[in-house]
Amino acid sequence: MRRRPNPKIYLVTGIILLSVIAVSFIVGLFWTPYGINATDPAAKLTAPSLQHLFGTDNLGRDVFSRCLAASRYTILVSFAGVAFALVLGTAAGLFAGYFGGILDRIIMVLSNSIMCFPGILLALMAVAVFGPSLYNVIWALGLVFAPTYARVYRSGTIELSSRDYILQAKIMKVRPGRIMFIHIFPNLMSQILPAVITGLANMTLSESGMSYLGLGVQPPAASYGKMLADAQSYITAAPWLIIFPTLMLVFYILGLYFISEWVRTTYGGGRA
Amino acid sequence: MRYKGNILEVKGLTLTVSNNGEPGAVILNGLSFAVRTGEIMGLIGNSGSGKTMTALAVSGLLSDFAKIESGQIIFEGEDLTAKTAKERRKLLGEKIGVIFQDPSSALDPLQTVGSNLAEILRVRNLDKEAGRRQVLDMLRIVGFEDPEQIASRYPHRLSGGQRQRVLIAGAALMKPSLLIADEPTSSLDTVTSMSIMQLLHEMCQEMGISILFISHNLNAVRNFCDRVMVMKDGTVIDSDTSWDIMGQPRSAFTADLLAKSRLDPDKLGLTAGKAADDAPCVLSVKDLSAGYSNGALLRKSSRTVIRDITFDIKEGDCLGLIGSSGCGKTTLIKTLLGLIRPSSGSIEKNGRIAAVFQDPATSLNPAHTVRWHLNEALKASGRNAGGDKDSLFIRTLNETGLAEEHLHRFPAQLSGGQRQKVAIAMCLIGEPSAIIADEPFSALDAASQASVIKLLSDINRERKTTMLIVSHNLRVIRAMCSRVIVMNDGVIVESGDTASVLSAPATETTRMLLDARMYGV
Numbered sequence: 000m001r002r003r004p005n006p007k008i009y010l011v012t013g014i015i016l017l018s019v020i021a022v023s024f025i026v027g028l029f030w031t032p033y034g035i036n037a038t039d040p041a042a043k044l045t046a047p048s049l050q051h052l053f054g055t056d057n058l059g060r061d062v063f064s065r066c067l068a069a070s071r072y073t074i075l076v077s078f079a080g081v082a083f084a085l086v087l088g089t090a091a092g093l094f095a096g097y098f099g100g101i102l103d104r105i106i107m108v109l110s111n112s113i114m115c116f117p118g119i120l121l122a123l124m125a126v127a128v129f130g131p132s133l134y135n136v137i138w139a140l141g142l143v144f145a146p147t148y149a150r151v152y153r154s155g156t157i158e159l160s161s162r163d164y165i166l167q168a169k170i171m172k173v174r175p176g177r178i179m180f181i182h183i184f185p186n187l188m189s190q191i192l193p194a195v196i197t198g199l200a201n202m203t204l205s206e207s208g209m210s211y212l213g214l215g216v217q218p219p220a221a222s223y224g225k226m227l228a229d230a231q232s233y234i235t236a237a238p239w240l241i242i243f244p245t246l247m248l249v250f251y252i253l254g255l256y257f258i259s260e261w262v263r264t265t266y267g268g269g270r271a
Numbered sequence: 000m001r002y003k004g005n006i007l008e009v010k011g012l013t014l015t016v017s018n019n020g021e022p023g024a025v026i027l028n029g030l031s032f033a034v035r036t037g038e039i040m041g042l043i044g045n046s047g048s049g050k051t052m053t054a055l056a057v058s059g060l061l062s063d064f065a066k067i068e069s070g071q072i073i074f075e076g077e078d079l080t081a082k083t084a085k086e087r088r089k090l091l092g093e094k095i096g097v098i099f100q101d102p103s104s105a106l107d108p109l110q111t112v113g114s115n116l117a118e119i120l121r122v123r124n125l126d127k128e129a130g131r132r133q134v135l136d137m138l139r140i141v142g143f144e145d146p147e148q149i150a151s152r153y154p155h156r157l158s159g160g161q162r163q164r165v166l167i168a169g170a171a172l173m174k175p176s177l178l179i180a181d182e183p184t185s186s187l188d189t190v191t192s193m194s195i196m197q198l199l200h201e202m203c204q205e206m207g208i209s210i211l212f213i214s215h216n217l218n219a220v221r222n223f224c225d226r227v228m229v230m231k232d233g234t235v236i237d238s239d240t241s242w243d244i245m246g247q248p249r250s251a252f253t254a255d256l257l258a259k260s261r262l263d264p265d266k267l268g269l270t271a272g273k274a275a276d277d278a279p280c281v282l283s284v285k286d287l288s289a290g291y292s293n294g295a296l297l298r299k300s301s302r303t304v305i306r307d308i309t310f311d312i313k314e315g316d317c318l319g320l321i322g323s324s325g326c327g328k329t330t331l332i333k334t335l336l337g338l339i340r341p342s343s344g345s346i347e348k349n350g351r352i353a354a355v356f357q358d359p360a361t362s363l364n365p366a367h368t369v370r371w372h373l374n375e376a377l378k379a380s381g382r383n384a385g386g387d388k389d390s391l392f393i394r395t396l397n398e399t400g401l402a403e404e405h406l407h408r409f410p411a412q413l414s415g416g417q418r419q420k421v422a423i424a425m426c427l428i429g430e431p432s433a434i435i436a437d438e439p440f441s442a443l444d445a446a447s448q449a450s451v452i453k454l455l456s457d458i459n460r461e462r463k464t465t466m467l468i469v470s471h472n473l474r475v476i477r478a479m480c481s482r483v484i485v486m487n488d489g490v491i492v493e494s495g496d497t498a499s500v501l502s503a504p505a506t507e508t509t510r511m512l513l514d515a516r517m518y519g520v
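In order, the protein sequence lines correspond to chains A and B. Mapped onto numbering that gives the first Met the number 0, the consecutive letters of the first sequence carry residue numbers 0 to 271. Mapped onto numbering that gives the first Met the number 0, the consecutive letters of the second sequence carry residue numbers 0 to 520.
Just chain A, same shape as in the assembly (with noise of 0.2 Å):
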């Protein structure tokens, strides 16, 4: 056996990492040090310093506003992107696990379809055709991110599906919505955590390349991957536009992955 750090450790530091941007979300909701769009002709382009403590950008708008701004939407895409892949995910997984035969070999062919393209690409199509907007990016992320959770409650359906306690329950004929729903869903939860939180971190990055190129959350809302976009023509004389949102998405995202770590060797390969 290769020897594991104390899984203890994965927890406590993704704590802090995700700490920093609960910080910023839950004081960017009630107050930033300046407006987040209020500019200042006088201070464009400024390192940091104590008036703005992550400097300012080309229009002089004062980045650590907009980096505690921006995090609400970062929170919101990824929260409101997974919940919807996973309600989509998980009945179309139990649905196929549960009932094979054709309606899982349709439901397969469409998330096989959805998964053999570029993930980011399929969001971007459906972003283009129906317009950039919040909502969209929320939804068009979800239907990419679905097939991966449908794919674990499909194959845990079908394990469970010959459990002696499943075919008791089919026996006494209990109707399958309750048989999938209340029988085999809670039997599951603990394989899809890990798959949830990795989700998470994985639609932020998504949001964030999407705003990158203009088609995610709008201006003149903040979002980290605008911020990005917006600072790339002032790499080098200006390092500070792209390092403090770059970090704060480092911290989220690599907070996010320790916690599924940590989930993943606590409780994971747990027992059936």
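Treat the hints with care, as some may be off.
[Unchecked claim] Derived pair list, reagent style PhoX-like, types lysine-lysine, alpha-carbon separation capped at 25 Å: (1) A:Lys169 x B:Lys348; (2) A:Lys7 x B:Lys66; (3) A:Lys172 x B:Lys463; (4) A:Lys169 x B:Lys388; (5) B:Lys348 x A:Lys172.
[To be verified] Here are a few chain B residues that face chain A, going by a calculated C-beta distance under 10 Å: (6) Phe310; (7) Ala354; (8) Gln357; (9) Ala366.
[What the hints assert, rightly or not] Here are some, though not all, of the chain B residues that point toward chain A, as calculated from beta-carbon distances under 10 Å: (10) Ile236; (11) Phe356; (12) Arg370; (13) Ala379; (14) Asn383.
Read the hints as simulated data drawn from the structure, not as lab findings. By construction, the Cβ of each residue, glycine as well, lies at the ideal position given by its N, Cα and C atoms.
Using the hints provided, position chain B relative to the given structure of chain A.
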């Protein structure tokens, strides 16, 4: 270099388990015993007597809820209770090997058998090729004729017996001085468990490994262990060489355990359920054939497993169904229960038919409590419970020998026998006209087996519930069933009165089943 003297000595070990911060229940109570170097020590006792906790305490795999209050565990002259968790882990890999009951959960499903086993050798820093050779050699030793092929397979493609042999290979690869085997054969069929016990015996003799063998199969213990100790309520109440303890048990408890394991129908008060002559027919099967279809989208292939099955069961009757593994018993039952659609023939049912399955580990849904299970069964039956559901549940639990305290427990907090009783209670809630029981005893210890058998027999007699009992255990069939049908290769080869079929078998199949019993099932 083998350690001389007692390889393992447990002195006055007291262990408590806490439940959600409540003060702990005492599981092991001043337990003392010793295992000599190179011997096989058997450990028997009822469920809940602390056998598995002993194994976990010695191997250092106790969960956080368990706490050693006092006592010593001396392994090769060193007190294990004084060691740190890290030191104990190291010991577990190198000196103490463990084989668990359930072979399906002990191998990493995402790695081949070969890499599962190679993982064990990695701690020894062997180079890859030498490690691979050792793995293949060991697989050959545990009886695989084509080790290369087995090593390249994934665990789910092995049968239960094969997996258990892989685990034994894994334990042997570590070359431990002490091997703890916690009911290694209880989930396996008779022939496989015989071969696995022989394998352990050879390992003990050839490699000088001492074995602590936990089992509820008393015949296995008698034939296979040098000494035996009997546990009850966390202490050893009887301990002697295995022949002496089985021949002349010194305590009343041991004698009782032995009597139960023999399933003496008179002592248990069993009577074979018999239908009255004018009783109505509950289940009538005529020319039934069924099988599985492999659903390719365009071309369907089907395989018929059972053919031309015809029999009737009358109300209050108890019918036994016997046959070797793979003869189609399970397919027949699934067809009767409506889980498989028959390809031809007819099944006429009169009333509800409920079922109890073999494996107590999967018979209840681990995510829900006992009360939820009973409520689900009640809802499904459409029966009106009157106002107070809970009193109905408690009454039903009492009838199966469980108490009110079990109502809010999760399956993980129940023993195998208790879980089977909950499964039976679920059947009773629906007031079925017939219960089909598919090997409901085979995974239970002797005392639980006896009580579950007694329970089913009582239900059969008192409630006039018809029973169809599938079992390998001919003693059970003889004690409970008035009629028996014998299956082979998907067809009924013999049927009739239990006594006459079993005493004067007319077919080769029945004779073979009777012979297998001689080897201590």
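(message) Does Ala366 (chain B) hold up as a contact with chain A if the rule is Cβ-Cβ below 10 Å?
(response) For Ala366 (chain B), the interface hint holds, since the closest Cβ of chain A sits about 4 Å away, which is under 10 Å.
(message) So, as I understand it, the hint says Arg370 (chain B) touches chain A; can you test that by seeing if any CB pair is closer than 10 Å?
(response) Given a least distance of 14 Å, the restraint on Arg370 (chain B) is violated.
(request) Please verify that hint: Phe356 (chain B), Cβ, nearest Cβ of chain A, below 10 Å or not. (result) 4 Å, holds
(request) Please work out if Lys348 (chain B) and Lys172 (chain A) have their alpha carbons no farther apart than 25 Å. (result) 15 Å, holds
(request) Against chain A, run the beta carbon of Phe310 (chain B) and see if the smallest gap drops under 10 Å. (result) Since the shortest Cβ distance to chain A is 20 Å, the answer is violated.
(request) Verify the interface restraint on Ala354 (chain B): the C-beta must sit less than 10 Å from at least one C-beta of chain A. (result) Status holds, d = 5 Å.
(request) May I ask you to test the interface hint for Ala379 (chain B) with respect to chain A, counting a Cβ-Cβ separation under 10 Å as satisfied? (result) 4 Å, holds
(message) Quick check on the hint: Gln357 (chain B) CB to chain A CB, less than 10 Å?
(response) Since the shortest Cβ distance to chain A is 7 Å, the answer is holds.
(message) Lys172 (chain A) and Lys463 (chain B) were given as a pair; does the straight-line alpha-carbon distance stay at or below 25 Å?
(response) 23 Å, holds
(message) Would the hint linking Lys7 (chain A) and Lys66 (chain B) be met if the CA-CA limit is 25 Å?
(response) 21 Å, holds
(message) With the threshold set at 25 Å, check whether the alpha-carbon distance from Lys169 (chain A) to Lys388 (chain B) stays at or below it.
(response) 23 Å, holds
(message) Restraint: Ile236 (chain B) near chain A, CB-CB cut 10 Å. Satisfied or not?
(response) Since the shortest Cβ distance to chain A is 31 Å, the answer is violated.
The earlier numbered hints that this structure contradicts are 6, 10, 12 and 14.
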